[in-house]
Amino acid sequence: MRKKRSFSYIKDKLLLSDLSAESIGGATNSVAALGNGSLTVGISAWSELVYFRWPYLSFYDHLNYYTKTSSILSVFTPKDVRHGIDAPCDDWYIYGRPLEKEIGLGAKFGIFNQESGIQWADNPIWISERKYIPDWSHVLETTLTNMKNNKLKIKITQALHNFDNVLIQSFKFENDELNKLSNTKFIYYANFAPWYGRESGMSKCNPQITKSISLFIEDLKIILWFCPKKSKLLYSKLKKRIIKEKLNLTENVLKNLIPYEGIFISMASNFNIQECQIGNARNDAEDGSLRKNNLDFGKICSGFCIPIEKNDNCINVYIAIGNSFNEVVDLIKKYRKKDINSIFNEISDEWKKFAQKIFIPKEANQVEKRVATRSIMNLFIGKDKNTNAIVASPSRQPHYNCDWPRDGAFFDLALDLAGFSDIVTKHLEFYRKFQRKTSFDFSPTWILSFKNPFYNPKGHFYSNMWSDGSPGWFKMVPIEIDETALIVWDIWRHEQFLDEKDKILYRNQFKEMLELAVEGILNYIDVKKGWIKKVMEDDDFRAKATLHGVSIVYTAICAAIELADRWYIEKSKLELWKLVANNLKKGILDQLNLIYKEYSKDKNLKSENIEKLIKKIGGWRGIQWCLFPAPVFKDYNNNLSQMLIEILANDITQKANKIKEGFAYLAEEIFIFSIATKNNQKFNDLKKTVLKILIEETPVKGTDCFGEVVLWLYSKDGKSKFAQNRTSIPHLWTGATVYLSVLGTYCPELFLNLRPFIKTIN
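First residue of the sequence shown? That's 47 in our numbering, and the numbers climb one at a time after it.
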């Protein structure tokens, strides 16, 4: 049993490294995300809204919500920032509800009655379940059962419209239980803080200084928050003018008062709001009634209260966002008029167009098909419709709402195989547009590795990028050699999915990008040694040179060589690339032989010497990448490839069978393992077993989403272990590799031509 608030029981350095992101940046309090490429909303296990981001996938966050964080020093010894086995209810332990600095942030509902008083969605009194309706859509239904209030059940259906920036929520109550309660009221509030800022670092996770105003539009029964786009002086003038009109805040008055552009958020119900509170709504609602204040400034908690009559079993809440007063008011008017079920059907029908197109192997069972479909559907939530970036996760805590090229290459692989090659071309265009072109830069991070802080970034990419292409919060890492190399492989690989008629245009579009990237990579290769120079490989602050970087750099050089003739690459460049590829392959084989020498002594993968050697030479992911996508082996029947397969089999078995404390990258290991053992019946049973565990035991129950990390935790009775997803949820790269695992298990032949073999290398 683990110690409270401590990860001292975890020895896996990779697991600890990923958990440190949660420790520094805060834990994700979400089990799913809803989005339309512009507006993105995080949903907790208890239907709370925990982020509300618009108009880009990376910014701006307009909801005041944040969870507890630890100091930057926890990068070395991460702290647990979630409720553990001492949680006040089972649900909080199962989902690992984050520790919160302040109670009542975000947006959520409450139920008040004379018998029980106020009961909020964030009280430890609920048992939660959820599902999508239908299971491939982005219409989420959460069922909350109240453990204390006569087992009262509430069904909350939430969805974002595909084209309009409006969140629709429906709250349905069990009438039989309501009849037993007296003076029952429904309360809903939101802590919106519209602003034009973006958090500068990983540990900053909520709107900072906001010049926003909240008010109640009397005649429309709409709550409004807004932040003017222009100067602070305009905000001050508006504030004075609105105070003068405080007793007459009607639609016509406000149209004249606020003709400006800005960020506007409106919230309303299908019922006539009689009680409303602008500012401090949560605290004011504790007695079941609101004071009816109609104006406040800053980060504002505003809400409304509606009596629940015996025949009123459904209350709807609409939240819209836009650039103007008229826009958000008109959206509320539009959706108030519509039947709630027709809205949800309309949203599902639109998502059905995507779901029906996704390629899923017919041999997969129903659960595998459902989870694989969800993994691709979530990628559309992470795609920014403005720029075509795809973020690692929509999550605010930690800040994974950036595009990492390393993740992007695997997103593109999954999307190509799923049948969405047009999206991949647009995603590569995003990288082309924001590839670094300057030849000189400075980064003090090099000093940690005793290297010159002045360096040449030309041809590379920022470690991560906000969805508008600007450097992300991880820009202190100067370059990551594996990311640049993976993009070269991505360019080569994606060409295979294009129609012949489109390949000339594709070449013209990406030839310069390819050459720049390869030249950038060559600056960090020791050609004589047949290895890379020490450089950042995978979110590292210190330079390394392991198989993780070398295997994928070798893949990139081979991909460039394979493209050279038909892309009319200069012969002098091609000859150099061939020399580099030959030497890198020799270097890789030499290092693998060092591992094999130790391995062949007794083939005991659990020995301390072999484990240390694998980590030292292999790096984070070099072992599996030597099997795919690196073209190190023509087939998988030789001693070295068989050794790598055995190493993977051992690691997969320990992670899936709950021998290790948890895992990251398991899905990637499984899909590569499945490819490498295509013709090896020895591992058939293992592949079936681990895929079943991955698909059925590890996703978030009801949403089929994954975190970057999964921990195996003991149940409260200590008799069994269950999977708890951690870090960012949904983590889109994990989901993409789960999809690839299903394909690798049933269609491994799809991957065989996606390694760039080159006949010219002896």
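Among these hints, one or two may not hold up.
[To be verified] Ranges of calculated distance between the beta carbons of each label pair, as one might list FRET restraints:
(1) 547 with 403: 46 to 56 Å
(2) 557 with 55: 44 to 54 Å
(3) 557 with 118: 39 to 49 Å
(4) 118 with 632: 33 to 43 Å
(5) 620 with 522: 53 to 63 Å
(6) 391 with 611: 16 to 26 Å
(7) 544 with 398: 50 to 60 Å
(8) 275 with 705: 50 to 60 Å
(9) 683 with 661: 20 to 30 Å
(10) 549 with 644: 40 to 50 Å
(11) 522 with 134: 32 to 42 Å
(12) 385 with 549: 45 to 55 Å
(13) 118 with 148: 18 to 28 Å
No lab work stands behind these hints: they were computed from the structure. What you are looking at is a predicted structure, and each value in this text was computed from that prediction instead of being measured. No residue lacks a Cβ here, since even glycine has one placed at the ideal position from N, Cα and C.
Right, here's what the structure says about each hint:
no. : hint                     : result
1   : 547 with 403: 46 to 56 Å : violated (21 Å)
2   : 557 with 55: 44 to 54 Å  : holds (52 Å)
3   : 557 with 118: 39 to 49 Å : holds (42 Å)
4   : 118 with 632: 33 to 43 Å : holds (41 Å)
5   : 620 with 522: 53 to 63 Å : violated (36 Å)
6   : 391 with 611: 16 to 26 Å : violated (53 Å)
7   : 544 with 398: 50 to 60 Å : violated (26 Å)
8   : 275 with 705: 50 to 60 Å : holds (55 Å)
9   : 683 with 661: 20 to 30 Å : holds (26 Å)
10  : 549 with 644: 40 to 50 Å : holds (46 Å)
11  : 522 with 134: 32 to 42 Å : holds (39 Å)
12  : 385 with 549: 45 to 55 Å : holds (48 Å)
13  : 118 with 148: 18 to 28 Å : holds (21 Å)
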